[in-house]
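Trainee: Could you put together the complete structure from these sequences and hints?
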Amino acid sequence: MIQRSWKIGGIALLAYVFWTTLTVPLGPGLLEFRDRNEAASTDGITKRIETYELIGLGTHWTVQPEELRLFIRKGDRITPLPIIDVIDDTHAHAALLLPDTLPSKAWDVLINHPIDGTLFLQNGLFVEGFVVDESAQLPRPQFEERSSDLPHHFPFQPRIFETIRNLMLHVPMWFTMFLLMGIAFVASIRQLSQSAGGSSLFDLRAEASVQVGMVFGVLGLLTGSLWARYTWGAWWVDDPQLNGALVTVLVYAGYLILRGSVEDERLKARLAAVYNLFAFVILTILLMVLPRFTESLHPGKGGNPGFNSYDLDSSLRAVFYPAVLGWMLLGTWMYRIRLQATRLNQKLHRLNDE
Amino acid sequence: MNRLMSALSNIRFLLQHAIRVELRNRHGIAGLLVFAVAAVYTCYQATGTHAEQESWNALAWVVLLFAGFNAVSKPWADDDEGVRAFLIHAVQPQHWLIARTLYYMVLLGTVSTVTFAAFLLFLGMDHMSGWTAGHYYAGVMLTSTALASLLAMIQALASRAGGGFSLISVLGLPLIIPVILVSTRYGSDLMRGIAFGDTAHHLLFLATLSGGFFALGYILFPYLWRD
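Sequence lines, in order, name chains A and B. Residues 1 to 354 in this note's numbering are what the first sequence spells out, letter by letter. Residues 1001 to 1227 in this note's numbering are what the second sequence spells out, letter by letter.
No lab work stands behind these hints, which were simulated from the structure alone. Glycine included, each C-beta is placed from N, C-alpha and C at the ideal position. Just so you know, not all the hints are guaranteed correct.
[As the list claims (entries may be wrong)] Here are a few chain A residues that face chain B, going by a calculated C-beta distance under 7 Å: (1) Val251; (2) Gly254; (3) Leu256; (4) Leu271; (5) Val274; (6) Ile282; (7) Ile285; (8) Leu329.
Mentor: Right, here's the structure in full:
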């Protein structure tokens, strides 16, 4: 039973991960705060009172529309803008009622709502036709950040939107691959450090775990490519993180090709182990070291190859950590099955030879 | 001290021996240089002297990389099982690896220098001044050092596996990509007019990679060599 419990645990974790990944809704967010003055230019509103349209995603503005508050912020200066009309849950009109002199042209847009909480659109407003004076005074409103009243949801991220769910599928692939390649690395060291003429048991372990690791590496490339198509607009982009991932998979493909080209079992075990040590060092350089030296588009990067703590709030953690553990357990299980299959196959060949 | 001296003299002997064998039959090295110059000339035919900066840089590194791989891929007297069986008893594997790495540095350095000179001659130096070309050349030499330290090991591995040229490429090309990523970035930085001081860390990184490859090879080579 204990033998089996970690496998059942892994499957249970993955079932939970898939269920929550696909059912938890995305939290509300602000998409755009745009000038609709062209449409309203004939209704006699003076130049300084321009109407703007506020567009949200997954917001609930028709619930208590009178409680919807709009602010613009620059540094520590914050000022309210009046909401004219709430059109529907995700659209509202606001007036750009501002003094002639402003401290800045570029503003962040914030809204407060009892259900959605405080939402934030960085550099969402750019005003023209105002005198810019750093010391200009603005009316100071009562502003308090409020948290959302919504049940469990994933955080809204600009441009990423619903694809944030890919975090549970894509990132654990690489974690699992790293674990499996680590198993192979240790097995290769033990293969080399045993005395000459030893068995090739460790070599079989390295082979099985590289094979399963390759499956996870290829799945990582596929899930990443699919995500990139929706978020960056291309199946593949030139990026250090992506280069590193592809080269890693190529290096391990080289490992499997090397195994295929040596006939003698003992020589194969030794050569493959030597190359595998090279491969793991390169894996570490490519995925852990090089991205630190270069800039990357990849989420959570920008000089830091670990995932960025700002991107990961508690709702994501509650699914992401089980996902990593679940995929790792599944990967380990696959590795053990693969190892058993290889050994049985070898035994069969030996029986056939006799 | 004595052991160090004898190790050095062993390495010197192996290096001299390798160079002597190479020079005894000059067709080999001549073939490499012809390959390199022909590749450069093909690029020249395709682009003339009007290659854009990025194309110039890309072509230069592709030609240098493949000329380098071509240089190490020819069969080698030491790869013969009988010769290896003799050498195993005559010299320490590490000494053999050091001599082989030094020899590759000389060989790849020569091939790279000729290739780079042909490149400057045919495709022109529109994108760089004399000093920049010198800095670029420093990058070329460090890249061939990195190639030498990696390929000395990979060539021995491939010849032990009996795979020949295709196996060297399959095993070596993915491993060398980090080096090429750094070199191409260095070259393109120089051509875009970024000051040498601001991009020199790439050279340091290349040297570190060479050192890393060599250290790995040094540790692992005895396992490869013994029977």
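Trainee: Quick check on A:Leu329 please, does its C-beta sit within 7 Å of some C-beta on chain B?
Mentor: violated (29 Å)
Trainee: Let's test the interface hint: is any C-beta of chain B closer than 7 Å to that of A:Ile282?
Mentor: Constraint on A:Ile282 satisfied, holds at 6 Å.
Trainee: Would the stated hint for A:Gly254 survive a check requiring a Cβ distance to chain B of less than 7 Å?
Mentor: holds (5 Å)
Trainee: Given A:Val274 as an interface hint, is its Cβ closer than 7 Å to any Cβ of chain B?
Mentor: Because about 5 Å separates A:Val274 from the closest Cβ in chain B, which is inside the 7 Å limit, the hint holds.
Trainee: Using the nearest Cβ pair, does A:Leu271 come within less than 7 Å of chain B?
Mentor: holds (5 Å)
Trainee: Can we keep the A:Leu256 interface hint, with Cβ of chain B closer than 7 Å?
Mentor: violated (10 Å)
Trainee: May I ask you to test the interface hint for A:Val251 with respect to chain B, counting a Cβ-Cβ separation under 7 Å as satisfied?
Mentor: holds (4 Å)
Trainee: Does the interface hint hold: is A:Ile285 within less than 7 Å of chain B, judged Cβ to Cβ?
Mentor: holds (6 Å)
Going through the hint list in order, the structure does not satisfy hints 3 and 8.
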